[in-house]
Amino acid sequence: DVKVTQSSRYLVKRTGEKVFLECVQDMDHENMFWYRQDPGLGLRLIYFSYDVKMKEKGDIPEGYSVSREKKERFSLILESASTNQTSMYLCASRVGANEQYFGPGTRLTVT
Amino acid sequence: EDQVTQSPEALRLQEGESSSLNCSYTVSGLRGLFWYRQDPGKGPEFLFTLYSAGEEKEKERLKATLTKKESFLHITAPKPEDSATYLCAVQAWYTGNQFYFGTGTSLTVIP
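Read top to bottom, the protein sequences are chains X and C.
Read in order, the letters of the first sequence are residues 1 to 111 in this note's numbering.
Read in order, the letters of the second sequence are residues 1 to 111 in this note's numbering.
Chain C extracted, bound-state conformation (with noise of 0.2 Å):
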């Protein structure tokens, strides 16, 4: 069964503390890989779209890197308001429009 793992569930980080969240995918065929944001109570903010292996793309504190089993999202130098759950998403060339989304990691940054 097609399976989206994320590590790790949760995560403290001091602020200024870099870190890596890692997903790890075993679909075949990747078609896209995704990364959302999500603050509590609300829905998932899109991040990031990554397609081949060796792609990278970043925004501010925020670098999402994919290799052909796995994506890190590494966070550097991050801030309290960075604090969220942090989800990866995959979608297969066989899956058509479905995505398969892990469980998150809850990212907390201690000022």
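Just chain X, same shape as in the assembly (with noise of 0.2 Å):
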């Protein structure tokens, strides 16, 4: 089975902080997300990777940057933290054009 882990399942953060959250996947995939879901707006992508140190935008990157230093491993920062920023956040990997498997999710709060 595809396991993806997430460092938190919540997060308490002040504005303005700098916050790290971290995903780690067991099964070799080249692809990882990250998304924030939010009630009524649905699930939406944030950044994406294909490989290690490569990464692409999404449809609401401002705000997020990401890192990919192991192929294993994805990590999502919020450069300084802001209460609009308050959301579920969710890892997701894949391999080749199949399945996304996520994560348990970060409920993620800025106060």
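Since the hints were derived computationally from the structure, they do not count as laboratory data.
These numbers come from a predicted model, not from an experiment.
Just so you know, not all the hints are guaranteed correct.
[Unchecked claim] Computed cross-link-like contacts, DMTMM-like style, restricted to lysine to aspartate or glutamate with a CA-CA straight-line distance of at most 25 Å:
hint: 1; chain 1: C; residue 1: Lys-42; chain 2: X; residue 2: Glu-30
hint: 2; chain 1: C; residue 1: Lys-69; chain 2: X; residue 2: Asp-59
hint: 3; chain 1: C; residue 1: Lys-63; chain 2: X; residue 2: Glu-99
hint: 4; chain 1: X; residue 1: Lys-3; chain 2: C; residue 2: Asp-82
hint: 5; chain 1: X; residue 1: Lys-3; chain 2: C; residue 2: Asp-39
hint: 6; chain 1: C; residue 1: Lys-69; chain 2: X; residue 2: Glu-99
hint: 7; chain 1: C; residue 1: Lys-42; chain 2: X; residue 2: Glu-72
hint: 8; chain 1: X; residue 1: Lys-3; chain 2: C; residue 2: Glu-81
hint: 9; chain 1: C; residue 1: Lys-42; chain 2: X; residue 2: Glu-99
hint: 10; chain 1: X; residue 1: Lys-3; chain 2: C; residue 2: Glu-58
hint: 11; chain 1: C; residue 1: Lys-68; chain 2: X; residue 2: Glu-72
hint: 12; chain 1: C; residue 1: Lys-42; chain 2: X; residue 2: Asp-59
hint: 13; chain 1: C; residue 1: Lys-59; chain 2: X; residue 2: Glu-99
hint: 14; chain 1: C; residue 1: Lys-42; chain 2: X; residue 2: Asp-38
hint: 15; chain 1: C; residue 1: Lys-42; chain 2: X; residue 2: Glu-22
Both chains are sitting in their own frames, so use the hints and assemble them into the complex.
Laid out in structure tokens, this is it:
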């Protein structure tokens, strides 16, 4: 079974803090994704990576950056957290053109 | 703009009362349509992938079908444990790795 893990289930941060969300997958998938999920808006793609050190912007990259130094690990960075970044953050991975597998999610609250 | 629309937004069924959820899409050149189940506070769990019109997939009480512009998730004799939000996502040939998600149907099955 594919396993995607995320570093925290719940996180509370203050406005202006730098926030790191980490995702690890154990299936040697080349593609990894970061989404945020908000009520009524569904899942929106922030960034994805198709290889180590490679990344592409999704639909809502503003205020976020990513890092992929190793194939199994994909980090999402909020350079200066703001209250409008309070959300559920979901990481996913996939191989080739197949389905994406999701992690359990991190519920981030920025106060 | 590419769009995925799911209906209804919410559905309440009595245990054993069969029904269908709808996912309509406007992308041209469908590469794949994906169904996920999401429990509250958790990441989406992959259910099915459909690639071409006429294709069907089944798993326990769930059956997914695909036409040229929509997909249905049929739930036969549902049980309370089928209560969840069901998400649909599509990928087009020209969108690379990007999936477009609907906002989901929240299903409640009452004992």
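task = Give me the numbers of the hints this structure contradicts, sorted from smallest to largest.
result = Result: hint 11 breaks, nothing else.
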